[in-house]
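2 protein chains.
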Amino acid sequence: MDIKNDFMYSISKLQEKVNDFISKDNIGREPFSLYDPINYTLKSGGKRIRPVLVLMACNLFSDDIENAIKPAIGLEIFHNFTLLHDDIMDHAEIRRGNPTVHKKWNENTAILSGDAMFIKAYEYFLDCESPNFKEILKVFNITALEVCEGQQYDMEFEERDNVTEQEYLRMIELKTSVLLAAALKIGALIGGANVKDANLLYEFGRNIGLAFQLQDDFLDVYGDTEVFGKQIGGDIAANKKTFMLIKAQELAQGNNKTQLNDLLRSKDISREKKVKAVTEVYNSLQIKEIVQKKIQELNKKALDYLNKVSVLEDKKSELKKLASKLITRDN
Amino acid sequence: MDIKNDFMYSISKLQEKVNDFISKDNIGREPFSLYDPINYTLKSGGKRIRPVLVLMACNLFSDDIENAIKPAIGLEIFHNFTLLHDDIMDHAEIRRGNPTVHKKWNENTAILSGDAMFIKAYEYFLDCESPNFKEILKVFNITALEVCEGQQYDMEFEERDNVTEQEYLRMIELKTSVLLAAALKIGALIGGANVKDANLLYEFGRNIGLAFQLQDDFLDVYGDTEVFGKQIGGDIAANKKTFMLIKAQELAQGNNKTQLNDLLRSKDISREKKVKAVTEVYNSLQIKEIVQKKIQELNKKALDYLNKVSVLEDKKSELKKLASKLITRDN
Numbered sequence: 001m002d003i004k005n006d007f008m009y010s011i012s013k014l015q016e017k018v019n020d021f022i023s024k025d026n027i028g029r030e031p032f033s034l035y036d037p038i039n040y041t042l043k044s045g046g047k048r049i050r051p052v053l054v055l056m057a058c059n060l061f062s063d064d065i066e067n068a069i070k071p072a073i074g075l076e077i078f079h080n081f082t083l084l085h086d087d088i089m090d091h092a093e094i095r096r097g098n099p100t101v102h103k104k105w106n107e108n109t110a111i112l113s114g115d116a117m118f119i120k121a122y123e124y125f126l127d128c129e130s131p132n133f134k135e136i137l138k139v140f141n142i143t144a145l146e147v148c149e150g151q152q153y154d155m156e157f158e159e160r161d162n163v164t165e166q167e168y169l170r171m172i173e174l175k176t177s178v179l180l181a182a183a184l185k186i187g188a189l190i191g192g193a194n195v196k197d198a199n200l201l202y203e204f205g206r207n208i209g210l211a212f213q214l215q216d217d218f219l220d221v222y223g224d225t226e227v228f229g230k231q232i233g234g235d236i237a238a239n240k241k242t243f244m245l246i247k248a249q250e251l252a253q254g255n256n257k258t259q260l261n262d263l264l265r266s267k268d269i270s271r272e273k274k275v276k277a278v279t280e281v282y283n284s285l286q287i288k289e290i291v292q293k294k295i296q297e298l299n300k301k302a303l304d305y306l307n308k309v310s311v312l313e314d315k316k317s318e319l320k321k322l323a324s325k326l327i328t329r330d331n
Numbered sequence: 001m002d003i004k005n006d007f008m009y010s011i012s013k014l015q016e017k018v019n020d021f022i023s024k025d026n027i028g029r030e031p032f033s034l035y036d037p038i039n040y041t042l043k044s045g046g047k048r049i050r051p052v053l054v055l056m057a058c059n060l061f062s063d064d065i066e067n068a069i070k071p072a073i074g075l076e077i078f079h080n081f082t083l084l085h086d087d088i089m090d091h092a093e094i095r096r097g098n099p100t101v102h103k104k105w106n107e108n109t110a111i112l113s114g115d116a117m118f119i120k121a122y123e124y125f126l127d128c129e130s131p132n133f134k135e136i137l138k139v140f141n142i143t144a145l146e147v148c149e150g151q152q153y154d155m156e157f158e159e160r161d162n163v164t165e166q167e168y169l170r171m172i173e174l175k176t177s178v179l180l181a182a183a184l185k186i187g188a189l190i191g192g193a194n195v196k197d198a199n200l201l202y203e204f205g206r207n208i209g210l211a212f213q214l215q216d217d218f219l220d221v222y223g224d225t226e227v228f229g230k231q232i233g234g235d236i237a238a239n240k241k242t243f244m245l246i247k248a249q250e251l252a253q254g255n256n257k258t259q260l261n262d263l264l265r266s267k268d269i270s271r272e273k274k275v276k277a278v279t280e281v282y283n284s285l286q287i288k289e290i291v292q293k294k295i296q297e298l299n300k301k302a303l304d305y306l307n308k309v310s311v312l313e314d315k316k317s318e319l320k321k322l323a324s325k326l327i328t329r330d331n
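Residue numbers (the numbering used here), protein chains in the order written: chain A, 1 to 331; chain B, 1 to 331.
Chain A on its own, in the form it takes in the complex (with noise of 0.2 Å):
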């Protein structure tokens, strides 16, 4: 196969491309009471880090990324459609500053709407024309089916109080990593990419992808509310078992220990003063530190796969400059 790639799309212009995409995208027809909560919740906003992953891999192989626009789509839709069917068994009221489908709607039109917006992502992918189409098909469903896994992981930590740290980075991997690594790989195999390189974007995005959720962590703790657009402590006010507290509790000892055991049991203490009191257990033990270190390592193997790709390093800039993004933003 002839593989051209002598045009490198920016970062923004990917951004660019698939928001246009989505804006003038309507999807859906009767009924619409249906669709509504689909439309909805794709033009609400957000990163657009998937599909923009799924472009600039394709990008590395290829100057023409147009076939690999409604995959990418496609996987925006699932993550989506994942968030709002999260979004009923959390209970959560807002996402992107806007009610969530079930508060909007109600709690069956958001499980309906949501199986309509998961069998969507799959349409998009079966419009899809590439050789290795049905290889591609693979790729996402099963990681759509680890992305299950790891919400199922994450809804049984919170009823555990001895979650190790290898527990809770599986966790993270299959709820968060595997998509965005997933995301690499069909860009790539769009492309026409070989096995091996794909593979390699895999295992680079795994790393970035847990790298990125340690640092959403990070930013509960220790990010500023104005820049992180929520308030900062929910994590901690939710005794939500990240990264931070597991290597807290795993680390504290004497004083730290009684007061951190103290204060996730306490349901007297206010909100303000429980993420206050916690910080400062996370600060007395370096865990700020700690976590910075461990997202470092991690961008390190990333980089390491991707310094293995067999293409160009200059192609790889924007790759670089994306991850450099996610793993360091302060929102």
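Since no wrong hints were added, every one of them can be taken at face value.
Note that the list lumps identical chains together, so a pair holds whenever it fits in one copy or between two copies.
Dumping the calculated SDA-like pairs for lysine to any residue here, alpha-carbon to alpha-carbon at most 20 Å:
no.: 1; residue 1: K70; residue 2: I142
no.: 2; residue 1: K103; residue 2: I88
no.: 3; residue 1: K240; residue 2: I94
no.: 4; residue 1: K273; residue 2: N256
no.: 5; residue 1: K138; residue 2: G28
no.: 6; residue 1: K103; residue 2: D90
no.: 7; residue 1: K103; residue 2: E156
no.: 8; residue 1: K70; residue 2: E135
no.: 9; residue 1: K70; residue 2: N141
no.: 10; residue 1: K247; residue 2: Q166
no.: 11; residue 1: K134; residue 2: E123
no.: 12; residue 1: K104; residue 2: E156
no.: 13; residue 1: K138; residue 2: R29
Honestly, the hints are just simulated from the structure, not real lab data. Owing to the predicted nature of the structure, the values given are computational and were not obtained by experimental measurement.
Please build the complex by placing chain B on the supplied structure of chain A, with the hints as guidance.
Relative to chain A, chain B alone:
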């Protein structure tokens, strides 16, 4: 392609094949908590009509039906997924004599295991080796979306008083018929049928599916509780807008009209009395004869399509037998 179909499987042999496959097939891996409800649902029985239709349609064109088994099971998994999510939306507590998943576990589990189940259905389709693979997947995908549309209409009709016969038939077409139709089309395509024959079988299935659902409505009023397996009158008690109620509302005049409206509005009357009184209105309007006539019309239409399928007449005997069973069944 060399198409051979010297050997015809009987309905019961195919049912056995499907049940055998499902009983041996344990879906899942860790976290088992995600997969347990899937196995629970799949192994709880059911008539296995859809997978049997896939296999029968395949067998019309080919002796070798092995390649149709995975998609057949995929369709059964999809059907059971829709029941699982529908049961949440309908607050149903019992399915096939067992507690529904959201009752036995909880609603979050039912949502998420349902999602995973749907992905599993695709996985079984992705295992199908057929030159028509993409076409087959497209039939499955569009049908899945139509089933969601049917469920949406069904929920909306609960809130409406003015549902017409035409709207009702379209709703049951989407919610029930298209999946039976798609089962036949998919099986035919796997067996090597040409597009014309595959579409004729689709139309056969669509009409049989409508008759099948009308028979369901009929049994709810005129069935024998012992044979039907559940208490009759459930639709009447719930004011469900079935074909029978819509026809009765259309035809009722004078006393019948007043009485029917009173019965639909009344909240004080016992279930038993309501069922009896509404059935009496139906009787005086000859609703029983009207629905039976409609079923026969649809059956005739279906058989006209089947007759045009370009395989020898005696190959069609099992399919005719199954169709006849579906629309004259008493449970």
